[in-house]
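For the sequence shown, position 58 matches number 58 in full-length UniProt numbering, and the numbering has no gaps at all.
Hint data in this document are derived by calculation from the structure and do not stem from the laboratory. Predicted model only: the values in this text are computed from it and were never measured. Yeah, the Cβ is synthetic: ideal placement off N, Cα and C, and Gly gets one too. Worth double-checking, as some hints may not be accurate.
What the hints assert, rightly or not - Between beta-carbon pairs, the in silico distance windows are:
no., residue 1, residue 2, range
1, Ser28, Tyr116, 35 to 45 Å
2, Glu90, Ile145, 12 to 22 Å
3, Lys11, Ala87, 30 to 40 Å
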Amino acid sequence: MAKKKEQETVKRLAPDFTLPASNGSSVSLHDYRGKKVVIYFYPQDNTPTCTQESCDFRDYNGKFAELGVEVIGISPDELIAHHKFIAKYELPFLLLSDSDHQVAEKYGVWALKKLYGREYMGIIRSTFLIDEEGYIVKEWSKVRIKNHVQLVLDTVVELR
(Lines of atoms letter the chains of each structure in order from A and count residues from 1; the text may use other names and numbers.)
(Lines give C-alpha, C1' and ligand atoms only; values in the text may rest on other atoms or scores of the structure.)
Protein backbone atom coordinates (compact mmCIF):
# COMPACT_ATOMS: atom_id res chain seq x y z
CA MET A 1 0.00 0.00 0.00
CA ALA A 2 1.40 3.39 -1.01
CA LYS A 3 1.97 6.00 1.61
CA LYS A 4 -0.21 9.06 1.44
CA LYS A 5 1.77 12.16 0.67
CA GLU A 6 1.32 14.74 3.42
CA GLN A 7 -0.02 18.05 2.18
CA GLU A 8 2.26 20.95 2.85
CA THR A 9 0.98 24.31 3.95
CA VAL A 10 2.57 26.79 1.62
CA LYS A 11 2.88 30.24 3.08
CA ARG A 12 2.52 33.16 0.72
CA LEU A 13 3.35 36.79 1.27
CA ALA A 14 0.26 38.81 2.12
CA PRO A 15 -0.33 41.63 -0.36
CA ASP A 16 0.64 44.91 1.26
CA PHE A 17 -1.82 47.78 1.26
CA THR A 18 -2.52 51.20 2.70
CA LEU A 19 -6.11 52.15 3.51
CA PRO A 20 -7.90 54.87 5.46
CA ALA A 21 -8.74 53.70 8.98
CA SER A 22 -11.53 54.42 11.42
CA ASN A 23 -9.07 56.20 13.75
CA GLY A 24 -8.39 58.88 11.12
CA SER A 25 -5.00 57.58 10.02
CA SER A 26 -3.84 55.57 7.04
CA VAL A 27 -2.92 52.00 7.92
CA SER A 28 -0.53 49.77 6.01
CA LEU A 29 -0.08 46.06 6.51
CA HIS A 30 3.68 46.53 6.83
CA ASP A 31 2.99 48.65 9.96
CA TYR A 32 2.20 45.34 11.68
CA ARG A 33 5.46 43.51 10.94
CA GLY A 34 6.54 41.74 14.09
CA LYS A 35 2.94 40.98 15.10
CA LYS A 36 0.37 38.44 14.02
CA VAL A 37 -2.68 40.01 12.36
CA VAL A 38 -6.17 38.69 11.69
CA ILE A 39 -7.78 40.51 8.79
CA TYR A 40 -11.42 39.83 8.13
CA PHE A 41 -13.14 41.04 4.98
CA TYR A 42 -16.87 41.59 5.30
CA PRO A 43 -19.48 42.97 2.88
CA GLN A 44 -21.21 45.79 4.77
CA ASP A 45 -21.55 47.54 8.11
CA ASN A 46 -24.82 47.16 10.04
CA THR A 47 -26.11 44.10 8.22
CA PRO A 48 -27.10 41.14 10.40
CA THR A 49 -24.32 38.70 9.51
CA CYS A 50 -21.59 41.33 9.32
CA THR A 51 -22.69 42.74 12.67
CA GLN A 52 -22.60 39.28 14.26
CA GLU A 53 -19.13 38.60 12.86
CA SER A 54 -17.78 41.96 14.04
CA CYS A 55 -19.33 41.53 17.49
CA ASP A 56 -17.82 38.04 17.73
CA PHE A 57 -14.38 39.50 16.96
CA ARG A 58 -15.12 42.22 19.54
CA ASP A 59 -16.01 39.62 22.18
CA TYR A 60 -12.81 37.66 21.52
CA ASN A 61 -10.58 40.71 21.06
CA GLY A 62 -9.10 40.44 24.55
CA LYS A 63 -8.08 36.83 23.93
CA PHE A 64 -6.45 37.78 20.62
CA ALA A 65 -4.65 40.68 22.33
CA GLU A 66 -3.33 38.33 25.06
CA LEU A 67 -1.78 36.27 22.26
CA GLY A 68 -0.26 39.37 20.63
CA VAL A 69 -2.66 39.33 17.68
CA GLU A 70 -4.18 42.46 16.13
CA VAL A 71 -7.64 42.25 14.56
CA ILE A 72 -8.57 44.44 11.58
CA GLY A 73 -11.84 44.52 9.66
CA ILE A 74 -12.02 45.63 6.01
CA SER A 75 -15.12 46.43 3.97
CA PRO A 76 -16.02 48.70 1.05
CA ASP A 77 -17.95 51.02 3.41
CA GLU A 78 -16.91 54.65 3.74
CA LEU A 79 -15.33 55.80 7.01
CA ILE A 80 -18.50 57.56 8.19
CA ALA A 81 -20.32 54.21 8.14
CA HIS A 82 -17.42 52.62 10.03
CA HIS A 83 -17.56 55.35 12.71
CA LYS A 84 -21.26 54.71 13.30
CA PHE A 85 -20.77 50.94 13.29
CA ILE A 86 -17.92 51.13 15.81
CA ALA A 87 -19.87 53.47 18.10
CA LYS A 88 -23.05 51.41 17.97
CA TYR A 89 -21.35 48.08 18.75
CA GLU A 90 -18.31 49.30 20.73
CA LEU A 91 -15.82 47.67 18.40
CA PRO A 92 -12.29 47.92 19.90
CA PHE A 93 -10.31 47.40 16.69
CA LEU A 94 -9.74 49.32 13.48
CA LEU A 95 -12.03 49.11 10.50
CA LEU A 96 -10.51 50.02 7.16
CA SER A 97 -12.31 51.45 4.15
CA ASP A 98 -11.62 49.69 0.85
CA SER A 99 -14.19 51.70 -1.12
CA ASP A 100 -12.62 50.97 -4.51
CA HIS A 101 -12.18 47.28 -3.51
CA GLN A 102 -8.58 47.18 -4.74
CA VAL A 103 -7.33 45.44 -1.59
CA ALA A 104 -10.20 42.95 -1.73
CA GLU A 105 -9.16 42.19 -5.30
CA LYS A 106 -5.52 41.64 -4.24
CA TYR A 107 -6.71 39.12 -1.65
CA GLY A 108 -9.08 37.42 -4.10
CA VAL A 109 -12.22 38.21 -2.11
CA TRP A 110 -13.91 40.56 -4.60
CA ALA A 111 -15.99 38.28 -6.78
CA LEU A 112 -19.24 37.66 -8.56
CA LYS A 113 -22.02 36.80 -6.12
CA LYS A 114 -25.62 35.70 -6.54
CA LEU A 115 -28.58 36.59 -4.36
CA TYR A 116 -32.16 35.72 -5.28
CA GLY A 117 -31.12 35.18 -8.90
CA ARG A 118 -29.39 38.57 -9.14
CA GLU A 119 -25.67 38.67 -9.92
CA TYR A 120 -23.40 41.40 -8.60
CA MET A 121 -19.81 41.99 -7.57
CA GLY A 122 -19.08 42.00 -3.85
CA ILE A 123 -16.97 40.81 -0.94
CA ILE A 124 -16.72 37.09 -0.28
CA ARG A 125 -16.63 36.94 3.53
CA SER A 126 -13.07 35.81 4.29
CA THR A 127 -10.50 35.85 7.08
CA PHE A 128 -6.71 35.78 6.86
CA LEU A 129 -4.18 35.01 9.59
CA ILE A 130 -0.90 36.76 8.83
CA ASP A 131 2.31 35.98 10.71
CA GLU A 132 4.98 38.33 12.05
CA GLU A 133 6.89 38.32 8.75
CA GLY A 134 3.84 39.23 6.68
CA TYR A 135 2.97 35.77 5.36
CA ILE A 136 -0.54 34.35 5.16
CA VAL A 137 -0.47 31.23 7.30
CA LYS A 138 -4.18 30.43 7.23
CA GLU A 139 -7.12 31.54 5.11
CA TRP A 140 -10.84 31.00 5.57
CA SER A 141 -13.05 31.70 2.55
CA LYS A 142 -16.83 31.81 2.28
CA VAL A 143 -16.96 32.04 6.06
CA ARG A 144 -19.96 30.80 7.99
CA ILE A 145 -20.26 32.86 11.16
CA LYS A 146 -21.15 30.21 13.73
CA ASN A 147 -17.97 29.35 15.71
CA HIS A 148 -15.76 31.06 13.11
CA VAL A 149 -13.97 33.42 15.50
CA GLN A 150 -13.34 30.56 17.96
CA LEU A 151 -11.82 28.56 15.09
CA VAL A 152 -9.53 31.48 14.21
CA LEU A 153 -8.48 31.80 17.85
CA ASP A 154 -7.86 28.05 18.10
CA THR A 155 -5.65 28.26 15.00
CA VAL A 156 -3.63 31.10 16.53
CA VAL A 157 -3.09 28.99 19.67
CA GLU A 158 -2.08 25.92 17.62
CA LEU A 159 0.50 27.91 15.68
CA ARG A 160 2.24 29.26 18.80
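Problem set entry | Hints the structure fails to honour | none
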